[in-house]
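Q: Chain by chain, the residues run as shown.
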Amino acid sequence: MSRLLAVVDGTIRESMAKFTFLAFLGMSTLTLLIIVFAVNLDVVDGALAAARLFGKDIELGGTRIAIDTLVTGIQTGMAGFLFGVGLFLSIFATANLVPVMLEKGYVDLLLSKPLSRPALFLGRYLGALAVVLINLFYLVGGVWVLLGWKTGVWKSGLPAAGLIIILTYAIILGFMMLVGVVTRSSSITIMLSYFLFPLAGFLAVRDNVTVMLTSKTAIAFIDGLYHVLPKIAGLGLLMGELAMGKPVSTYAPIGSSVLFGAACLALGVVVFSRKDY
Amino acid sequence: MLFLRNFGPFPAVSIIDAILCLASGKPLSTEAAITVEDLAKTFRTGWHSAPVRALDGVSLSVGRGEVFGLLGPNGAGKTTLVKVLLGITFADSGTATILGKKAGDVATKARIGYLPEGHRYPLHLTGEGVVRWFARLSGVPSREIGPRTRRLLARVGLERWAGVRLRKYSKGMVQRLGMAVALVHEPEVLFLDEPTDGVDPLGRAEIRRVLLEEKAKGTSIFINSHLLSEIERTCDRVAVVAHGKILRVGTVADLTDKGLSYRVDAGAVPPAVLAALREKAPSVTATNGLVHLRVRSLEELNACLDALRSSGCLLREVWPEKSTLEESFIQILEGEEARP
Numbered sequence: 057m058s059r060l061l062a063v064v065d066g067t068i069r070e071s072m073a074k075f076t077f078l079a080f081l082g083m084s085t086l087t088l089l090i091i092v093f094a095v096n097l098d099v100v101d102g103a104l105a106a107a108r109l110f111g112k113d114i115e116l117g118g119t120r121i122a123i124d125t126l127v128t129g130i131q132t133g134m135a136g137f138l139f140g141v142g143l144f145l146s147i148f149a150t151a152n153l154v155p156v157m158l159e160k161g162y163v164d165l166l167l168s169k170p171l172s173r174p175a176l177f178l179g180r181y182l183g184a185l186a187v188v189l190i191n192l193f194y195l196v197g198g199v200w201v202l203l204g205w206k207t208g209v210w211k212s213g214l215p216a217a218g219l220i221i222i223l224t225y226a227i228i229l230g231f232m233m234l235v236g237v238v239t240r241s242s243s244i245t246i247m248l249s250y251f252l253f254p255l256a257g258f259l260a261v262r263d264n265v266t267v268m269l270t271s272k273t274a275i276a277f278i279d280g281l282y283h284v285l286p287k288i289a290g291l292g293l294l295m296g297e298l299a300m301g302k303p304v305s306t307y308a309p310i311g312s313s314v315l316f317g318a319a320c321l322a323l324g325v326v327v328f329s330r331k332d333y
Numbered sequence: 004m005l006f007l008r009n010f011g012p013f014p015a016v017s018i019i020d021a022i023l024c025l026a027s028g029k030p031l032s033t034e035a036a037i038t039v040e041d042l043a044k045t046f047r048t049g050w051h052s053a054p055v056r057a058l059d060g061v062s063l064s065v066g067r068g069e070v071f072g073l074l075g076p077n078g079a080g081k082t083t084l085v086k087v088l089l090g091i092t093f094a095d096s097g098t099a100t101i102l103g104k105k106a107g108d109v110a111t112k113a114r115i116g117y118l119p120e121g122h123r124y125p126l127h128l129t130g131e132g133v134v135r136w137f138a139r140l141s142g143v144p145s146r147e148i149g150p151r152t153r154r155l156l157a158r159v160g161l162e163r164w165a166g167v168r169l170r171k172y173s174k175g176m177v178q179r180l181g182m183a184v185a186l187v188h189e190p191e192v193l194f195l196d197e198p199t200d201g202v203d204p205l206g207r208a209e210i211r212r213v214l215l216e217e218k219a220k221g222t223s224i225f226i227n228s229h230l231l232s233e234i235e236r237t238c239d240r241v242a243v244v245a246h247g248k249i250l251r252v253g254t255v256a257d258l259t260d261k262g263l264s265y266r267v268d269a270g271a272v273p274p275a276v277l278a279a280l281r282e283k284a285p286s287v288t289a290t291n292g293l294v295h296l297r298v299r300s301l302e303e304l305n306a307c308l309d310a311l312r313s314s315g316c317l318l319r320e321v322w323p324e325k326s327t328l329e330e331s332f333i334q335i336l337e338g339e340e341a342r343p
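Here the protein sequences line up with chains D and C, keeping their order. So the first sequence is residues 57 to 333, counted in the numbering used here. So the second sequence is residues 4 to 343, counted in the numbering used here.
It cannot be assumed that every hint is accurate.
Here are some of the chain C residues that sit facing chain D, going by a computed Cβ distance under 8 Å [unchecked claim]:
1. TRP50
2. PRO54
3. GLY90
4. ILE91
5. THR92
6. LYS105
7. HIS122
8. THR254
9. VAL255
10. ALA256
Calculated from the structure, these hints are not laboratory results. These numbers were taken from a predicted model, which means no experiment stands behind them. A virtual CB, placed ideally from N, CA and C, is assigned to each residue, including glycine.
Based on the provided sequences and hints, a complete structural model is requested.
A: Take a look at the structure:
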């Protein structure tokens, strides 16, 4: 167990030394500092009476904004930003973890240690997941606490959305690990992982596409892709509903997507355990 | 030397070996450190390229506390053999054991140290960070990691560089750091692939010193190297490998032995005496004041020496002629190439 933790710890340190995560941590810190020191909200009778940014009054135009609505709006905006930009940055920053591990001279050393190949592979996976979790927790947790402290409104939308974001990353990471161990290429890992997003968007509206097709094979192929690939668009919608505090229409995308991520990870373990290095 | 027991083809365990093992806390055992039997491995690199037979029925054994060298040209299969022994590459057939366990056994790896050729460490870490991290991966108890790391960095001459990030290290320094990483869990078997690659002569001497210290502790050492002089100075036994096959195994003395050839320092030997010697031995030459004799038996050698003495020449020194390891190595390889 201590050796597995050493792999996780090593992966976290390796990732945190990268400019992408340092920049993300810096931006997160700046966002939190702005909320702490530069944003002043006066709440009267559950509505925003006045708002100041860096000491200057913000023109509210006479409209009465319920503070509940404002907090939900900020949290939804933050969650949407993290689901898009945050995930893209995370994929970019962690795509090389497997190819780096498989570099000649490094993989030899790791495989000569008293640690099974599955443990080494899973340690790498858990390390990458932990790095993104730490970053996400820092920003999401920080924003949620500060907004609650400043407005007195404690909504569970942002933390719940954060969970869906980290789950989506965990699923994509499983796919990245498989692509990484098969191709040993960071760029191919990034390209294929990014490709999942537009593909998921396309598959989400597959019914509109398949009605225009006559070939049964093509329809079966698209349906097959829909059932096999993760439902990133569905997870995005679910995340949005949670962030906005709306009733969730379906949790179904979670099950099939988790299955996809787990299958990719398991396949990655099998490939890694059988390959010569 | 008094032997407790002579175990098959392996060097016998002596009283001195036993005392050294007990002093270092390592278990005394007569079992082989490494055994390899009929190991074969073929690499298939692509659909169109021909398969490469990296190991072709390799068999050898390395005893406990022995320093064993593997010599061979590039692509001979040396690194593949080490990788198979460590479970980094899987053999197609044959068997291999380390410390009595199947090669690649995860638990046994805690007793094995490895310095691969062209090793890479995480560049964001300091030298101390690298040794500490690999100590954790090797299962060294946490309370021992700090003292061991400092001790080892001092031992390989890197104590002043302990806090410096690896990207500032020279190739020789990284190589010395690799030695520290390989030794941090106090292994019983040590695999070194080109340990002195890129190291200056002073660094090479330091690495050699560390190896000899490890040997004195009873560690079994398996070295792959192109540097024949290093092998000659450190190894008890040597194997020459080419095209995935072991061509010759023996001590350095065995490999460099030229048979019944001798050099005699007898001052200036008159031509008439040399002519008389040529009637007694099949080959007699004189160069730089030395007489080179190739004889068929020790009786012939003594007859030649008697002839020199009786002709008034004073014998100063007589010694058997040896090849250098490099000469022997080339000779063995040329013999293999010439084989149909």
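Q: Now tell me, hint by hint, if it's right for this structure.
A: Verification of the supplied hints:
Using the Cβ-Cβ criterion of 8 Å, the hint placing TRP50/C at the interface with chain D is not satisfied: the shortest such distance is roughly 16 Å. Restraint check, PRO54/C versus chain D: the minimum CB separation of about 13 Å is more than 8 Å; hint violated. About 7 Å separates the beta-carbon of GLY90/C from the nearest beta-carbon of chain D, less than 8 Å, and the hint is met. For the restraint placing ILE91/C at the interface with chain D, the shortest Cβ-Cβ distance is roughly 5 Å, inside the 8 Å limit, so the hint holds.
The closest approach between the C-beta of THR92/C and any C-beta of chain D is roughly 4 Å, which is under the 8 Å cut-off, so the hint is satisfied. Evaluation of the LYS105/C hint against chain D yields a violated restraint, the C-beta minimum of about 14 Å exceeding 8 Å. Among the interface hints, the one on HIS122/C holds; its C-beta lies about 5 Å from the nearest C-beta in chain D, closer than the 8 Å criterion. Taking 8 Å as the C-beta contact cut-off toward chain D, the hint placing THR254/C at the interface is violated, the least distance being around 28 Å.
Hint status for VAL255/C: violated, given a least beta-carbon distance of 28 Å to chain D, over 8 Å. Nearest Cβ of chain D to the Cβ of ALA256/C: about 32 Å, over the 8 Å cut. The hint is violated.
The structure fails to meet hints 1, 2, 6, 8, 9 and 10 from the earlier list, while all remaining hints are met.
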